[in-house]
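Listed here are the chains, written in short residue letters.
2 protein chains.
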Amino acid sequence: MKFCSNCAAPVVKRVPPGDSLPRWVCDACGEIHYQNPKLVVGALPEWEGRLLLCRRAIEPRYGYWTLPAGFMENDETAGQAALRETLEEAGARIELLVPFSLISVPYVNQVHLFYRARLLDLEFNPGEESLEVALVEEAQVPWKDIAFRTVGLTLKHWFADRKSGTYGFHAEDILPR
Amino acid sequence: MKFCSNCAAPVVKRVPPGDSLPRWVCDACGEIHYQNPKLVVGALPEWEGRLLLCRRAIEPRYGYWTLPAGFMENDETAGQAALRETLEEAGARIELLVPFSLISVPYVNQVHLFYRARLLDLEFNPGEESLEVALVEEAQVPWKDIAFRTVGLTLKHWFADRKSGTYGFHAEDILPR
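Chains as they are written, first to last, in my numbering: chain B, 1 to 177; chain H, 1 to 177.
Keep in mind that a hint or two might mislead.
As the list claims (entries may be wrong) - Okay, the calculated beta carbon distance ranges per label pair:
no.	chain 1	residue 1	chain 2	residue 2	range
1	H	P16	B	D121	30 to 36 Å
2	H	P142	B	P17	30 to 36 Å
3	H	E137	B	R23	45 to 51 Å
Claimed, not checked - Here are the simulated DSSO-like cross-link-like pairs (lysine-lysine), alpha carbons at most 30 Å apart as the crow flies:
no.	chain 1	residue 1	chain 2	residue 2
4	H	K13	B	K13
5	H	K2	H	K38
6	B	K144	B	K38
7	B	K13	B	K38
8	H	K2	H	K156
9	H	K156	H	K38
10	H	K38	B	K156
11	B	K156	B	K144
12	H	K2	B	K13
13	B	K163	H	K2
14	H	K144	B	K163
15	H	K2	B	K2
16	B	K144	B	K163
17	B	K2	H	K38
18	H	K38	B	K13
19	B	K2	H	K156
20	B	K13	B	K2
21	B	K144	B	K2
22	B	K38	B	K2
23	H	K163	B	K38
24	H	K144	H	K163
25	B	K2	H	K13
26	H	K144	H	K156
27	H	K13	H	K2
28	H	K13	H	K38
These are calculated hints, taken from the structure and not from any lab test. Note that CB positions come from ideal geometry on N, CA and C, so glycine has one too.
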């Protein structure tokens, strides 16, 4: 059972008039509680051809490796989210370049966005959500221990583009295996 | 006053342990109700150098012109959202090309994403949310009556890129005036 955040009455899931999808509707106050996908924003912090990866100290995927990334917050831009997450998870200061990948993950209602970025110095340190942080070249990427498919895909594109000499923008979808 | 959607107890806004921002927290069941930006996804449907615009039949900005766009829904990809909104608002069938603009609008907690697209035929018709739909060339764009700043910015980039012969990808922020 779920309740209305405005008036605490029980809500029911049904298609509102004029709509085509079921929503959580409050019959007491009339509020329709829409649910929408969330943006996960991160960065590809580069230093001389190597990228900064974090090993997760939290679930999901405790102990696996990821790029610094997290849920975008209200009151910030996507770029600010990438800077904030990189500072929080890797203790690293970066300069953002341009968006590099945009990946829809509909089965978890998320869209992941990663920016190319330049690491400003080597004074990084794992934050509370990371066990360790490491600068890795392509041969050192722990491919079998990458936390999320969007991160693996983004890393593959980045190393391939680096080899080709031209960085593209990669828009894709990830569907259930 | 706001209430917990899980247990109907009143929630309070405060910084949870280990966090840095105030959240709506339920002390009865422990749930933290995060709030995150929403993605608005749309298309730039082209036909021989002209773009398809819709005049809004709903608030906000009733009577003003926009590109077909709307809130991305759960269970769909960003591309599916662009196709769906174009069909709903303009009755138009399109083929999506690539993402063209990604604009953060932090003061309304939104990120707007527009795709380049090719109109498949001229059988378009205004949906319930549009008063009319029109294919316009640059000189016909009602610049003073554009509904949203992200749409005006995206249109300006598109016509400029078309003239230059190269379509880019435009990542920007819009801040309060």
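Against the structure, the hints:
For H:P16 and B:D121, the hinted distance range of 30 to 36 Å is satisfied, since their beta carbons lie about 31 Å from each other. Range check, H:P142 to B:P17: Cβ separation about 31 Å, and the 30 to 36 Å hint holds. Range check, H:E137 to B:R23: Cβ separation about 39 Å, and the 45 to 51 Å hint is violated. A C-alpha spacing of about 27 Å is found between H:K13 and B:K13, which places the hinted pair at or below 30 Å, so the restraint holds.
The straight-line distance between the Cα atoms of H:K2 and H:K38 is roughly 20 Å, inside the 30 Å bound, and the hint therefore holds. Taking the CA atoms of B:K144 and B:K38, the gap is near 26 Å; set against the 30 Å cutoff, the hint holds. In summary, the hint linking B:K13 to B:K38 is supported, as the alpha carbons are separated by about 21 Å, within the 30 Å threshold. Restraint check for H:K2 and H:K156: not satisfied, since their Cα atoms lie roughly 41 Å apart, outside the 30 Å limit.
For the hint pairing H:K156 with H:K38, the CA-to-CA distance comes to about 24 Å; that is within 30 Å, so the pair holds. For the hint linking H:K38 to B:K156, the alpha-carbon distance of about 28 Å falls within 30 Å, and the restraint holds. In summary, the hint linking B:K156 to B:K144 is supported, as the alpha carbons are separated by about 13 Å, within the 30 Å threshold. With a CA separation close to 20 Å, the supplied pair H:K2 and B:K13 stays within the 30 Å bound.
Between the alpha carbons of B:K163 and H:K2 the distance comes to roughly 53 Å, so the proposed pair goes past 30 Å and is violated. For the given pair, H:K144 sits about 46 Å from B:K163 by alpha-carbon distance, which is inconsistent with the 30 Å threshold. Between H:K2 and B:K2, the direct Cα distance comes to roughly 14 Å. Compliance with the 30 Å bound is thereby established for this hinted pair. With a C-alpha separation of about 22 Å, the suggested pairing of B:K144 with B:K163 holds against the 30 Å cut-off.
About 22 Å separates the Cα atoms of B:K2 and H:K38, which keeps this hinted pair within 30 Å; it holds. Distance restraint check for H:K38 and B:K13: the Cα-Cα separation of roughly 21 Å lies within the 30 Å cut-off, and the hinted pair is therefore satisfied. Distance restraint check for B:K2 and H:K156: the Cα-Cα separation of roughly 45 Å exceeds the 30 Å cut-off, and the hinted pair is therefore not satisfied. Note on B:K13 and B:K2: the hinted pairing holds, with a Cα-Cα distance of about 9 Å set against a maximum of 30 Å.
Of the supplied pair hints, the one linking B:K144 and B:K2 is violated, its CA atoms being roughly 39 Å apart against a limit of 30 Å. Distance check on the hinted pair: B:K38 and B:K2 sit about 20 Å apart at the alpha-carbon level, within 30 Å; holds. Only pairs whose Cα atoms come within 30 Å are accepted, and H:K163 paired with B:K38 is rejected, the gap being roughly 35 Å. The hinted pair formed by H:K144 and H:K163 meets the criterion: a straight-line CA distance of about 22 Å does not exceed 30 Å.
Taking the CA atoms of B:K2 and H:K13, the gap is about 20 Å. The hint holds against a cut of 30 Å. A distance of roughly 13 Å separates the Cα atoms of H:K144 and H:K156; the hinted pair therefore holds under the 30 Å criterion. Taken as a hint, the H:K13 and H:K2 pair is honoured in the structure, with Cα atoms around 9 Å apart against an allowance of 30 Å. Distance hint between H:K13 and H:K38 is fulfilled; the C-alpha atoms sit about 21 Å from each other, no more than 30 Å.
Of the numbered hints given earlier, the model fails hints 3, 8, 13, 14, 19, 21 and 23; all others are met.
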